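From first to last, the protein sequence lines stand for chains A and B. So that you can map any letter, position 495 of the first sequence is 494 in numbering that gives the first Met the number 0, and since no number is skipped, the others follow by simple counting. So that you can map any letter, position 48 of the second sequence is 47 in numbering that gives the first Met the number 0, and since no number is skipped, the others follow by simple counting.
One or more of the hints may lead you astray.
Unchecked claim - DSS-like mimics (lysine-lysine), calculated; alpha carbons at most 25 angstroms apart, straight line:
| # | chain 1 | residue 1 | chain 2 | residue 2 |
| --- | --- | --- | --- | --- |
| 1 | B | Lys2 | A | Lys422 |
| 2 | A | Lys422 | B | Lys10 |
| 3 | A | Lys179 | A | Lys118 |
| 4 | B | Lys184 | B | Lys202 |
| 5 | A | Lys422 | B | Lys127 |
| 6 | A | Lys141 | A | Lys199 |
In case anyone wonders, no lab produced these hints; they're calculated from the structure. Model, not experiment: these values are computed from the prediction.
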Amino acid sequence: MQFCLDTAGTYYLRNSIVRGVHMNKQLTWKVGGAQGEGIDSTGEILATTLNRIGYYIFAYRHFMSLIKGGHTNYKIRISSEPVRYHGDDLQVLVAFDQLSINENLREMNADGVIIYDDKFQAELPEGSAVRLCPVPLTGIAKELGNVIIKNMVAAGASCRLLNLELQPFFEVVEEKFGSKGKDLIERNIKAIQQGYDYMKEHFADEMFQLPTAPQVDRPHLLMTGNEAVGLGALLAGCRFLAAYPITPATEILYWLLENMPNYGGKIVQAEDEIAACIMAIGANYAGVRAMTSTSGPGFSLMMEALGLAGISETPLVIVDVMRGGPSTGLPTKTEQSDINQATYGSHGEMPRIVLAPTTIEECFYYMIDAFNLAERYQCPVIVTSDLYLGMSKQSVDDLDMSRVVIDRGAVVTQEELDQRGQKTYPRYAVTESGISPRPFPGMPHGRFCALSNEHDDTGLEIEDTDGRVAQMDKRFRKLDTFNGGEHVSYKGPEQPDVVLVGFGSTTAQIAEAFAELSSTYSIGHLQIGCVYPFPTEAVRKILAHTKQIFVIENNKTGQLAQMLQQNVGMVDKVEAILKYNGNPFTVRDITTTVRG
Amino acid sequence: MAKVIDFKYDKPTWCPGCGDYTVLAAMQQACVGLGLEPEQVCCVSGIGCAGKIAQHFGGYGFHSLHGRSIPTATGIKLANQELVVIAAGGDGDGYGIGLGHSLHAMRRNIDITYIVMDNHIYGLTTGKLSPNSQKGFKTKTSPKGSAEDPIRPVEMAIVTGSSFVAQAFSGNVKQMVSIFEQGIKHKGFSLINVFSPCVTFNKVNTYDWFKEHIVNMDEDESFDPTNRMDALRRVHEVESVCTGVIYREERPAFHETMLGASETAGVHLDLDLAEEEMQSLIDQFRR
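Please work from the sequences and hints to get the whole structure.
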């Protein structure tokens with residue numbers, strides 16, 4: 000068992016207000032507008048610059064399944080310490096339209112400030128203490144000759160409000176638009192400068208003071224969970240990806256498209272997810288580490304392939320970046336509702352492993368684990384990430400390269416095959432561990448047939464009762480040595496009264512709730528990174544003396560709570576805190592329920 | 000030098016007289032004729048009677064899922080382009096449940112040879128309608144005769160981009176071996192549709208029926224298989240009941256042109272990256 004990093008530490012810091020100037024230990028900023036207005040690029044400029052000057056940031060994108068219109072926003076939490084959640088509250092909102100104010104006002108603190116485009120008349124409900132700063136975002140942009148750079152005017156205005164220096168922003172702009180010509184760079188820089196100047200001139204006493212940025216020799220890594228999955232796969236030796244584009248998993252495909260071919264890797268955009276998963280099985284059978292990445296709707300199409308990998312004992316890694324279901328569901332919203340399918344999906348019974356990384360760093364590490372486990376146990380490994388983890392961007396301190404170890408599992412050598420000198424090889428030999436060495440096609444004397452039917456040791460189909468039972472037992476024996484407890488983390492006293500339990504991406508909000516509640520409760524935080532085979536022993540040990548268990552998960556039916564009850568018992572102590580409206584948990588969602 | 004026996008494994012369980020026996024025999028003879036060793040060849044099949052062929056072919060095998068032999072074979076070929084990959088299955092496999100995959104493999108020009116044992120019926124499930132059954136054909140699932148027009152695989156393959164299209168007949172092993180050899184040697188996707196009669200459940204499209212109707216295009220010296228429009232016209236004229244190499248063109252195979260195409264087969268890559276390489280990959284995130 001390993002103990003998780005202290006992800007909290009910043010949760011309880013409250014802001015003190017000193018007439019106009021707001022003193023902050025951390026700050027939350029958001030830009031909102033219609034899709035297609037450059038909301039993401041405004042957020043990206045700010046996130047990149049803040050990360051570069053040493054701050055830790057966490058950025059969350061709220062978006063819709065359309066190209067233009069609607070409402071989209073980009074929120075950044077800025078801190079001098081690591082942050083893994085975008086925060087319950089909001090201090091600065093940049094609004095491109097009234098809808099952005101309406102949608103986000105309830106999240107705003109009393110000392111909040113709204114910078115809005117003065118092309119519209121902002122309206123606030125009566126009694127709202129939030130300060131309004133109208134800025135001619137569109138006006139300045141138009142004067143500079145391009146209305147779309149109103150996002151840069153907004154970045155400049157924000158820069159002043161946050162009392163930041165402009166130079167780092169200019170550098171980021173130069174790099175970002177470097178290939179597009181001097182003219183464009185200059186125009187963007189002017190837009191930032193004029194936004195800054197306007198704020199300074201008209202709202203001189205509105206200012207938030209960020210904590211001093213940590214001194215860094217080089218910027219933190221700024222990455223999404225999807226990018227971490229791609230990087231992890233590549234370093235784990237994955238050299239084949241077949242995938243069908245789907246939100247919110249497509250960025251895995253993008254990242255690997257850009258990077259994997261440089262290392263001899265091949266990528267196919269398959270005709271559908273059935274083909275994608277089966278191509279990955281074919282490549283794994285042929286000896287290349289291969290995976291597919293998808294989200295719920297695609298994962299549903301992969302169910303028959305899961306069974307094929309199971310019975311043919313072909314290693315397979317599937318990444319399921321979960322989104323709101325069922326069916327097409329909520330394509331652009333987060334949910335954790337696929338773990339039942341990952342655990343039980345596909346007809347018949349087969350060994351499998353379901354990992355659920357809890358942080359962006361773990362998205363990287365778990366991919367290395369996934370490929371090793373898939374080849375060690377010759378079975379499918381499903382990595383369940385979700386939209387929140389996959390698409391949010393975070394400052395990451397560093398990644399530990401010593402954890403990049405490639406273990407190809409039981410592979411028979413050519414010497415062994417030559418020594419046997421037989422025409423066929425007993426690929427499915429019934430061994431004590433259940434694991435039988437595999438040759439790769441192309442190796443002389445290694446011939447066998449991988450089979451979707453029940454089979455004998457060389458891959459001839461069988462229907463005899465003894466042979467069937469021997470093969471079934473052999474396959475299930477493989478996981479006897481697997482310990483899911485290695486993917487469980489616990490923080491808190493040895494015998495807590497209350498334990499908060501989560502899996503996957505909920506870890507940050509639970510950690511902050513845990514830290515907040517620790518002063519009044521004997522409380523622990525248990526985060527499960529492997530949901531199947533369920534780490535029963537590790538979990539039971541932690542929960543043994545607990546009086547109350549809160550299971551926190553982004554779904555309607557409490558899938559983890561049910562697994563917990565099924566495997567560990569304690570039925571009367573388990574209460575599920577569930578959220579399935581498409582949004583990630585807030586810390587308050589958790590603390591309010593626990594406090595009762 | 001491998002012999003035919005080296006390409007055999009165990010005894011097939013097909014009905015006596017089944018067309019699939021000669022397909023297997025022709026595959027084995029073609030491999031020997033091309034000087035291949037068993038370990039160089041991988042046979043990937045779907046399910047049904049024809050799907051059992053992977054178990055009895057003496058090279059490496061993958062008896063995959065119904066309709067999924069093509070994506071399995073695609074994954075294998077792209078992982079190790081040095082392997083000769085032969086996908087094989089029935090007409091239900093390739094033109095029913097797996098039709099979508101077949102078409103995409105054709106347009107991608109995946110360098111595999113796809114042998115479809117076309118008996119116009121679902122045999123293993125004791126006689127059901129197949130997408131290749133003739134209109135009016137009576138089966139357990141078409142008791143009053145099929146109301147559907149059949150798939151025309153050869154015309155479909157030519158139009159979709161298969162760079163080698165041929166048709167063979169289980170009753171003419173010599174021609175079949177020659178076609179298989181040409182198909183395997185061809186770089187790119189080769190569709191070889193084989194009339195392989197089901198002696199138990201199809202009493203209409205029998206050996207005799209095919210012998211009576213087949214037109215052998217290989218014997219027609221005036222026929223030019225590199226002329227796409229001519230090939231389509233001729234196949235249409237004989238209502239697809241013909242044998243021989245119908246169409247061929249030279250086009251780069253997918254593994255040669257895809258992103259990441261390389262001389263080194265994926266299976267031979269060294270997966271351990273030097274520390275500096277790992278570091279530079281990680282450092283791209285210090286943005």
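Here is how each hint holds up against the structure:
Note on Lys2 of chain B and Lys422 of chain A: the hinted pairing holds, with a Cα-Cα distance of about 13 angstroms set against a maximum of 25 angstroms. Taking the CA atoms of Lys422 of chain A and Lys10 of chain B, the gap is near 15 angstroms; set against the 25 angstroms cutoff, the hint holds. This hinted pair does not check out: Lys179 of chain A and Lys118 of chain A have alpha carbons roughly 29 angstroms apart, beyond 25 angstroms. Using a Cα cut-off of 25 angstroms, the hinted pair Lys184 of chain B and Lys202 of chain B is violated, with the two alpha carbons roughly 35 angstroms apart.
Under the criterion of a C-alpha separation no larger than 25 angstroms, the hint pairing Lys422 of chain A with Lys127 of chain B is inconsistent with the structure, at around 37 angstroms. For the proposed pair Lys141 of chain A and Lys199 of chain A, the alpha carbon gap of about 20 angstroms is at most 25 angstroms, so the pair holds.
Hint compliance for this structure: hints 3, 4 and 5 are broken, all remaining hints hold.
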